[in-house]
Amino acid sequence: MPVNGRIRRISGPLVVAEGMRGSRVYEVVEVGEERLIGEIIGVEGDNAIIQVYEDTVGLKVGDPVYGTGLPLAAELGPGLIGAIYDGIQRPLPVLQELVGIFVAKGVRAKPLPRDKKWHFKPLARKGDKLGPGDFLGVVEETESVKHYIMVPPGVHGELHEIVGEGDYTVDDTVAVVGEHNVSMIQKWPVRKPRPYREKMEPREPLITGQRVIDYFFPLARGGKAAIPGGFGTGKCVLPGTPVLLGDWRLVPIEKLFEEAGGSRDPGLQEETIISVEDKDIYVYAFDGKRFVKKKVTHVYRGYTDTIVRITTAAGRTIEVTPIHRLPVYDPVNGIVFREAAALAPGDKLVVPRRLPGPRIDPVFPLDKLAELLPTALSLDQYINRKVATILRRLGPRELSALAGKPITEPPPSNPGPLPLRLVLAVSSKYGLGKPGVIGLPGYPAIRVPPRIDPGLAELLGIISTSGRIVESGNIVVEGARRVVERFLSLSSTVFGVEARLCRRGKQWCAVIDNPAAAAALEAVFDGEEGVETRIPAIVLAASAKTIAAFLRGYCLAGCRGDGDALVIEAYGENTVSLISYMLVRLGVNYRVSGNRIMVEGGETVFFKKIISGAAAHEAYSESLIAEAAAPGLLSATSMLLRDTGDIVFDEILEVSVIQEKTPVYDVTVEEHHNFVGGRIPAVYHNTVTLQQLTKWSEVDIAIYVGCGERGNEMADALHSFRRLVDPRTGKYLVERSVFIANTSNMPVAARETSIFLGVTIGEYFRDMGYNVLMVADSTSRWAEAMREISGRLEELPGEEGYPAYLGSRLASFYERSGHVKTLGVPERTGSLTIMGAVSPPGADFSEPVTQATLRIVRALYALDVNLAYRRHYPAINWLTSYSLYVDLVEEWWKKHIDPEWRDNREKAMGILQKEAELEELVRLVGAEALPEEDKLTLEAARMIREDFLQQNAFHEIDTYCPPRKAALMMKAIILFYELGLKAIRKGVTVDQIRKLKSRVSIARMKEIPNVDYEDQFNQLFNEIKMEFDALIKEAENIG
Amino acid sequence: MAERSLVTRISPRLKKAQGSLLIAEPMPGVKYGEIVEVELATGETRLGQVIDVSRDATVIQVFGGVSEIDMGETRVRYRGETFRIPVSIDMLGRIFDGLGRPIDGGPEIVPEDYMDINGLPLNPAARLPPSEFIETGISVIDGLNSLVRGQKLPIFSGSGLPHNRIAAQIVRQARVRGSGEKFAIVFAAIGVSYDDAMFFIDNFRRYGALHNTVAFINTADSPVIERIAVPRVALTVAEHLAWNHDMHVLAILTDMTNYCEALRELSAAREEVPSRRGYPGYMYTDLATIYERAGRVEGKKGSVTQMPILTMPDDDITHPIPDLTGYITEGQLVLSRSLWNRGIYPPFDVLMSLSRLMKDGIGEGKTREDHRGVFMQLYTAYAEGVKLRELSVVVGVEALSERDRRYLEFADRFEREFIGQGEYERRTIEETLDKGWELLAILPEEELKHVKMEHIKKYHPRYRRKRSEAA
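Chains as they are written, first to last, in the working numbering: chain A, 1 to 1039; chain B, 1040 to 1510.
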């Protein structure tokens, strides 16, 4: 029976009410005339102590307090998915509609939309005997979530009635069970765990496919874990890095992101992934031998604060995040993708030597010309006549629409010149050809080539170095006599116009005074303004022959010999970039130094032959591939080069790490996961997908609680979350997520409840049989809210002012995680896994909240930035992380995977521990001074770290490692180590052991396919055993 | 317009006066948080606020303190209103005391509305991430720690450092680029000395900054307790101008340390359980309710940007006031005593300062394309210079290489010419960046690794000279 009382005292968010005998702790009350929501947190005789979730200013002594008889409850039902709530489940977007930008006092809105109709399909039948948790029906809430409607806890009986399949609101009665009318809504008190049939020990691991988690520090379904600080950064490239698209356009990566709908104006630290699968964007990817066109599936944007800058012998500067992968040549393993931070001077970067490109030249941009020169006329009699014929058939309205202005009279039958724009509009609409002759009144007509052909390209090459287009419509070329003369002859063959020869001092010059010709060139240059010189980007998309012609024109003035070498002078970064891509089209090797591009050695001859047209470039380059590469590039690998004529190696000169906070971008490429890009073409590994997302995709429902964070940060999180795409399903993550946002300035009491609200919603979905993950960010702010309320209550403070019950309150939250058999039929299990972020001030782990958390959680994943800087990823520190689920999941491992799991895991941990101890010693005396056994331990530790713990999340195979394979991998390492120990005792040295072939096979275990790998591992075990047997025998013979 | 109560009640008796608290006999109908008038025997009236009501007593916190209160004669008049202030666009150009009463001799404000000074929390779902650049005309801020609309960027100072002069300079100079948008400044002086208050008022008058400024002055001699209200009053006006008049408001709050001291004093008077260094445990939340009143919002043209100024006791950045402030705000600007002692104004400690939202507000279309590169280059070069300066103390300048000496020269000139700037000198962002280039030209060109080649070609003085010679 609800009790009503009156306010006796008000102090901050605390209100004492009298006349409340009969009310209960945690009962929700409505306080004052405005009916502010509060919760009873203490009862003393007649008095109730109430914490109010809204501002108490304006309340009076004697104001009414209305009891509800109910505890603070969450509303559960269809409509939860995708919602954004505050700490007491008010839907924030609805509040904004109701009262504007502020969260006003006393404003209410139902957590679940009442007017929305859901499509309900019954699952139970009339006459069924039902109990709590039994499925009554199902609503498909989003594409990803089937929302089961369950009999609420406490309701039993026969199903007297159930509605047929159809659309209902959450308030509509869908069934009558016993005496109860059941709707799609359930209410459940947030501080009370929802009932289940049986809580099971979390004995089943939540398999993530990550060896360091699954094998070393397992997380159980229904477990609880803590992650201190923020999550790691992605592996990406910096803005400004061009990406070479399939149609041979060079587009800066951030522009690609923006074109995909990404915000130009992103927020703080959040990451955004956008699917572009429907957009048909292609890039060039390296398949291990050649470059092929591949589709881009996602674009990504995130942030980093560390950049690795790599400079190479051929003049490349590559800036990427430390864990971004680049292809290098490894003498043992061939071409491998390695993290940028792990590269060192001397490593050989794999870069494209030759890329395939179009065989047909691009169409001349006549539309652009018409746009630049609106008064241009088409003088092509043939096309004009066809256009006129069509025009005469059209009515005035269609004519006006085509011309863009009112036209009433039909054109004459023999029209003479027609406006170019009109002709283009008609020809594109009716599929006629394009005019080949255009002009302006008062100027000679010019020819326009249908495509960017070699002649035009050569002319463009000359203009790029020696020419300019004056605004008045003149084309002026200045330079040596041979340049000007070539220009004269080309302009007459290409445009059919005669240039005027002139002299300026010692220089020769030529002028074409024809605005139509100037506009034609302008159109090709696409109006791009460069600083000193301009290169038309369109040439890049032309055939190799045309590109060679362009370079021929360019070289007339822009190249000079320097001994054996040929130096191409460029004038800016863009020019360098475009010319280097052109050279890659021709398969010519080069080196870049500042604004100079050097073609050296044998390549010079090759290059000269190509651009002079003396060599058919395709045939010539084929023959050249087996020959030695240019100086500075490797020739020792001609074997490989013969196989893969499309690449060369570029030696790394310098690797530097820069601390800078900057946005980074990436794209995901189908199948081969890399793309060609950069100012000077290079191969970049693509790497999207965040660690946490991968984890998230292992669960059905995700709940994010932002608790006491900065408002602007929360805004950013909400904005970017809306666009996050699940990389596994390609669907929006919002479709299976619930958000709870309570910023630092919102009432502190509601911050305290936000965590419980989140966990209650999590349990509700768990009861449907789902695996749910709840992320609470941050539990430190939540604890601070408790400290504040405790202070108001004048409770005796514990450590650092936190209440003495800090630990138990934290526990009551984390304890609601679990793997359970739920109530009801069908029989099912569900789990709620809780991941709490703690943000210890100054990274001081000894502070009370972190300490209390560590006492409760059973797994800690200590992310280690230093590991990320080295080549180690996932960057989970193996010495400070722990998992107490090891014992619990042991049986599962023994039964399903590997009876030796526990033993081998402990041996491996022992080796790593020993390594940490030995490292100190090595620093003092050097590794060589160690006894052989210790050397072997170091070797084994290295194998565990590099060949087991490190995992390439973006290698097709290694990205997901089945537990059984992980077990076999560890077994191989342990076998190697134990046999090694035995051999050493017989007098074998570690040097001999290091040289064993099986050592290399172990390094390649990761790449063994994830199916049918048993045989391959058995072979590996035999190989190890045989090699050691031989070693030992040899040693015994000598001995 | 908000309703105002017509009924006034007068309390029968007072029980106790202590510190700034007045404990009165209970009276029915008194609201929590309501504003009362305390009428002294002398006829003077002070404002107070009800901070605890119960059946047994009403606790009133008196703005103005309880001195001269005569327990017999003093009357408390309950007006039944919470702390609302009249707000109007006409407040621009005016000067008020800490409670919003005009002190510039001008007429009373004709209110457009009465607003509760405590405000309401912004709906997180309605907020937009901040990203538009504000030009303060001070090189260190604009160039290296840019302020964006909707940000909260505090200045951490120390006693004796010229934060007030810097604040006045920002008020005089701050503009939004690409004008045409309405810009206003709300200035709140919290517990500053009389001289400082006069300095501000004078400064605003003399330099014509007054017409788009609303100033609230609470001097050090006014009651401590009033200080609790000042930032809230100021931000209430700021919000009114931003959300109801589409203005871009920069709110400057100085000195937040005085505010926190007042909070501590009040907490002690209420006999609350103290937390770190005697400050109340709710100081984080309390500061958040002030600092979080900044931002940009969906569907509103205006914005509120905050620049709180605080003096770090004993220059200690781990003191609870700067510590908690830093948790809530998006970065900080730190003043350096050693620069100030060397006569450099404004003495910003470049290496300690940070604007977390800067990256979203600079670059092409916002400031200039080379901004990010110049910023990184200046920052790293100065850091290198400072490191070498320490080294040179040990090994002597002679032992340094030519390159290192250039860095030393760079660091010295950077402090004098880039950090250092006239108190009445307003630099546009272009001037700031060009200044940066001028200084970077001291360094060998191959050291400029953070700036793009094309930007060097475009902005480096050497190439500029060449171009102008060529022309």
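These are computed hints drawn from the structure, not numbers from a lab.
Note that CB positions come from ideal geometry on N, CA and C, so glycine has one too.
Don't take every hint at face value.
[Unchecked claim] Computed spacing ranges between beta-carbons, pair by pair:
1) Glu1493(B) with Asp564(A): 24 to 34 Å
2) Gly1365(B) with Arg902(A): 43 to 53 Å
3) Pro444(A) with Arg1503(B): 52 to 62 Å
4) Gly798(A) with Ser1232(B): 47 to 57 Å
5) Leu884(A) with Val1433(B): 47 to 57 Å
6) Asp1451(B) with Val336(A): 45 to 55 Å
7) Gly1317(B) with Ala804(A): 12 to 22 Å
Quiz item: Which of the numbered hints above does this structure break?
Solution: Of the numbered hints given earlier, those the structure breaks are 3, 4, listed in rising order.
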